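Based on the provided sequences and hints, a complete structural model is requested.
There are 2 protein chains.
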Amino acid sequence: MIQGHGDDTWRYTDIRINFSSNIYAHADLSELQAHLCRNISLIGHYPEPEPHALEAMLARKHGIPADCVLVTSGATEAIYLIAQTFCQALHYYSTGSLPTFSEYADASEMFGMQRQDTAFSPQIRFQVSGFRFQGARSLSLQPSALSPQPSALSPQPSALSPQPSAPDRDTLLWLCNPNNPTGRTLPPADILNLCGKAAITVIDQSYEDYTLVPMLSAREAAQKPHLILVHSLTKTYAIPGLRIGYITAAPELIRLLRHHVRPWSVNALAVAAAKWLVTHDTRAIPHLNVYLAETARLRQQLNALPGIHVTNTDTNFMLATIAQTTAAALKDFLAVHHHILIRNASNFKGLTPNHFRIATQRRDENQLLVSAISQFIENFQR
Amino acid sequence: MIQGHGDDTWRYTDIRINFSSNIYAHADLSELQAHLCRNISLIGHYPEPEPHALEAMLARKHGIPADCVLVTSGATEAIYLIAQTFCQALHYYSTGSLPTFSEYADASEMFGMQRQDTAFSPQIRFQVSGFRFQGARSLSLQPSALSPQPSALSPQPSALSPQPSAPDRDTLLWLCNPNNPTGRTLPPADILNLCGKAAITVIDQSYEDYTLVPMLSAREAAQKPHLILVHSLTKTYAIPGLRIGYITAAPELIRLLRHHVRPWSVNALAVAAAKWLVTHDTRAIPHLNVYLAETARLRQQLNALPGIHVTNTDTNFMLATIAQTTAAALKDFLAVHHHILIRNASNFKGLTPNHFRIATQRRDENQLLVSAISQFIENFQR
Numbered sequence: 394m395i396q397g398h399g400d401d402t403w404r405y406t407d408i409r410i411n412f413s414s415n416i417y418a419h420a421d422l423s424e425l426q427a428h429l430c431r432n433i434s435l436i437g438h439y440p441e442p443e444p445h446a447l448e449a450m451l452a453r454k455h456g457i458p459a460d461c462v463l464v465t466s467g468a469t470e471a472i473y474l475i476a477q478t479f480c481q482a483l484h485y486y487s488t489g490s491l492p493t494f495s496e497y498a499d500a501s502e503m504f505g506m507q508r509q510d511t512a513f514s515p516q517i518r519f520q521v522s523g524f525r526f527q528g529a530r531s532l533s534l535q536p537s538a539l540s541p542q543p544s545a546l547s548p549q550p551s552a553l554s555p556q557p558s559a560p561d562r563d564t565l566l567w568l569c570n571p572n573n574p575t576g577r578t579l580p581p582a583d584i585l586n587l588c589g590k591a592a593i594t595v596i597d598q599s600y601e602d603y604t605l606v607p608m609l610s611a612r613e614a615a616q617k618p619h620l621i622l623v624h625s626l627t628k629t630y631a632i633p634g635l636r637i638g639y640i641t642a643a644p645e646l647i648r649l650l651r652h653h654v655r656p657w658s659v660n661a662l663a664v665a666a667a668k669w670l671v672t673h674d675t676r677a678i679p680h681l682n683v684y685l686a687e688t689a690r691l692r693q694q695l696n697a698l699p700g701i702h703v704t705n706t707d708t709n710f711m712l713a714t715i716a717q718t719t720a721a722a723l724k725d726f727l728a729v730h731h732h733i734l735i736r737n738a739s740n741f742k743g744l745t746p747n748h749f750r751i752a753t754q755r756r757d758e759n760q761l762l763v764s765a766i767s768q769f770i771e772n773f774q775r
Numbered sequence: 394m395i396q397g398h399g400d401d402t403w404r405y406t407d408i409r410i411n412f413s414s415n416i417y418a419h420a421d422l423s424e425l426q427a428h429l430c431r432n433i434s435l436i437g438h439y440p441e442p443e444p445h446a447l448e449a450m451l452a453r454k455h456g457i458p459a460d461c462v463l464v465t466s467g468a469t470e471a472i473y474l475i476a477q478t479f480c481q482a483l484h485y486y487s488t489g490s491l492p493t494f495s496e497y498a499d500a501s502e503m504f505g506m507q508r509q510d511t512a513f514s515p516q517i518r519f520q521v522s523g524f525r526f527q528g529a530r531s532l533s534l535q536p537s538a539l540s541p542q543p544s545a546l547s548p549q550p551s552a553l554s555p556q557p558s559a560p561d562r563d564t565l566l567w568l569c570n571p572n573n574p575t576g577r578t579l580p581p582a583d584i585l586n587l588c589g590k591a592a593i594t595v596i597d598q599s600y601e602d603y604t605l606v607p608m609l610s611a612r613e614a615a616q617k618p619h620l621i622l623v624h625s626l627t628k629t630y631a632i633p634g635l636r637i638g639y640i641t642a643a644p645e646l647i648r649l650l651r652h653h654v655r656p657w658s659v660n661a662l663a664v665a666a667a668k669w670l671v672t673h674d675t676r677a678i679p680h681l682n683v684y685l686a687e688t689a690r691l692r693q694q695l696n697a698l699p700g701i702h703v704t705n706t707d708t709n710f711m712l713a714t715i716a717q718t719t720a721a722a723l724k725d726f727l728a729v730h731h732h733i734l735i736r737n738a739s740n741f742k743g744l745t746p747n748h749f750r751i752a753t754q755r756r757d758e759n760q761l762l763v764s765a766i767s768q769f770i771e772n773f774q775r
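Protein chains in written order, with my numbering: chain U, 394 to 775; chain P, 394 to 775.
Simulated from the structure, these hints should not be mistaken for lab results. Do not take every clue at face value.
To be verified - Partial selection, computed: residues in chain U whose CB lies under 10 Å from chain P:
(1) I433
(2) T469
(3) A582
(4) G634
(5) H653
(6) A661
(7) L662
(8) Q774
Keep in mind that this is a model prediction, so the values were computed, not measured. We put the CB at the ideal spot given by N, CA and C, even for glycine.
Next up, the structure:
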């Protein structure tokens with residue numbers, strides 16, 4: 394596990410504005426909170442060993458069969474579950490491009506897959522050193538074994554229909570779209586190209602509701618035999634404390650993954666919250682046109698500061714560098730003197746000690762951030 | 394994952410008395426619930442990636458160093474984490490005796506360990522088929538690698554001090570004490586004997602607060618280089634919906650286990666609840682003298698019914714058989730006609746279709762159970 398994530402408010406006293414996670418900090422969760430308090434006696438009862446009722450509700454929302462959905466204890470459990478399942482058959486992993494979310498590499502390497510240079514340009518690839526079933530439960534990822542059985546999904550031609558011409562039968566490919574920490578999205582043509590190359594492609598769409606760029610739908614993904622989508626209720630509804638997310642994929646892939654699920658992995662309140670959210674279609678974050686316009690404004694203002702460079706983003710968070718000193722020094726200054734928390738992004742593989750990441754908040758708060766960073770730079774230049 | 398656990402109230406409508414899990418159903422959780430509702434905004438914030446603050450509190454409670462404690466998402470995550478960690482080095486597993494909690498076998502086999510006949514009489518033992526690291530992260534369980542470094546624990550001679558004379562270097566031994574579903578405890582001499590034989594011995598003490606028989610203390614266990622204890626806040630405080638438990642062991646073992654922990658595995662409300670419970674030293678279950686006396690009374694009354702045989706127990710739950718028909722038929726009758734839920738125990742390895750398990754509840758409820766089973770038997774004999 395890497396040391397240093399966002400939202401590490403416990404390291405400081407009195408953080409008042411939190412730019413450090415990729416989540417909008419002012420989501421109105423009051424109705425959800427009231428619902429959970431009305432149902433707080435759920436803590437005294439076991440949840441379902443597997444939350445099938447919630448899975449059925451999510452399936453209906455996406456218009457896919459229930460056996461295309463697997464609920465997990467956050468997207469993080471989904472990532473580790475995928476690595477555990479496919480390490481039996483696959484020797485390599487790639488994260489497509491760097492920087493990206495570190496848990497893909499951590500999970501893959503925990504289960505014995507190794508990173509190597511790769512054909513997934515401009516990417517990286519890996520060779521395995523073990524951690525494989527060799528016995529009766531061994532998993533063979535032959536194309537036939539993974540070909541979807543006839544299912545309730547009609548075999549519509551989709552934008553993703555071109556079959557891989559030379560799939561790499563030994564690689565698990567992780568893509569984060571929109572990508573953390575860059576906020577960039579992959580062009581559809583790149584997704585098509587990459588999906589066709591790997592044995593299994595995982596697209597972590599945790600931030601899918603924070604962008605206006607079209608994403609793959611769960612329905613499209615469930616028709617592809619080698620594609621897995623990861624979704625995050627944490628991000629969509631700004632509820633990181635509950636730990637709930639889910640996977641959508643073809644039933645054959647879900648069946649393989651389910652072999653590695655342990656019972657009662659999802660807390661009863663998390664299940665209750667998710668059911669309520671799916672039923673009530675709550676919107677926890679600002680309307681995207683407004684929110685992304687504010688993001689663009691914040692980026693422009695930061696870019697106007699000497700020594701600060703913020704790269705383009707397709708979502709609500711953005712990656713930046715400071716030329717004068719380290720992101721760690723900037724983070725400490727902002728926390729101690731301005732009660733502001735940002736994400737020191739220097740521990741993302743591929744980034745430098747000067748990288749930091751911020752997620753757009755309310756306009757008044759964004760303004761305070763710009764002023765505080767400006768003050769830090771002025772102090773530094775004196 | 395086996396199909397069919399206790400507390401499966403969702404299968405029926407209108408269950409009013411629940412004997413099916415091993416938990417007292419009338420725990421007074423009102424203060425804890427009020428605490429969680431006051432802190433319900435925690436759902437909007439990431440928990441610590443690993444709950445170190447809670448681990449330190451639990452360590453203080455047990456009088457052991459903080460690096461002897463690892464908090465998990467329920468005892469179930471602990472069991473799977475242990476299997477995952479030691480499958481690298483160990484080919485075999487044993488559950489000591491049957492019947493026992495099925496997750497030990499499920500977790501061991503998920504990670505490639507296999508069951509075989511064993512020297513752990515009267516037990517069962519297993520051979521592995523793979524799922525091992527072979528590369529740089531390979532784990533060697535040499536005695537030297539696992540010998541405890543000098544630690545804050547004074548090396549007091551303990552009841553467990555005899556070293557293994559012929560340890561089986563290739564076996565992970567799981568013991569459940571008190572044992573689920575039998576409710577029996579192991580004599581200290583048997584524990585000593587078994588712990589010395591296996592490479593690693595895990596004692597699941599989830600029900601330690603439901604018996605008057607002395608258990609191993611976390612302090613004793615932390616001084617043994619090959620012993621791991623699993624504890625369950627679920628059982629102690631009757632909060633199965635939250636999913637929180639912990640492991641205590643020597644720091645060297647905790648370090649190995651921690652390599653396989655994923656971030657944010659424990660829900661923020663579960664952490665908050667555990668902190669509150671540890672601080673307030675709440676008693677959620679009846680005083681044991683009273684509760685176990687009622688258990689003995691219930692057992693005696695059930696044993697007086699024709700065709701019912703209930704074995705002896707050291708805790709609040711008990712294993713029984715019905716001669717006239719299956720436990721499944723009895724369970725359905727009780728659920729449909731009396732709104733009573735029992736545990737059909739026939740899916741425990743080593744048991745028969747006639748086995749069921751019940752946990753003692755309030756006296757009036759226990760009386761209703763006896764009457765309802767009596768009625769079922771009378772109907773059956775007509």
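Verification of the supplied hints:
1. I433: holds, 4 Å
2. T469: Status holds, d = 6 Å.
3. A582: violated, 33 Å
4. G634: holds, 3 Å
5. H653: holds, 6 Å
6. A661: The hint holds - A661/U has a Cβ within 10 Å of chain P, the shortest such distance being about 3 Å.
7. L662: holds, 6 Å
8. Q774: Q774/U check fails; min Cβ-Cβ to chain P is 35 Å, beyond 10 Å.
Of the numbered hints listed earlier, those contradicted by the structure are 3 and 8.
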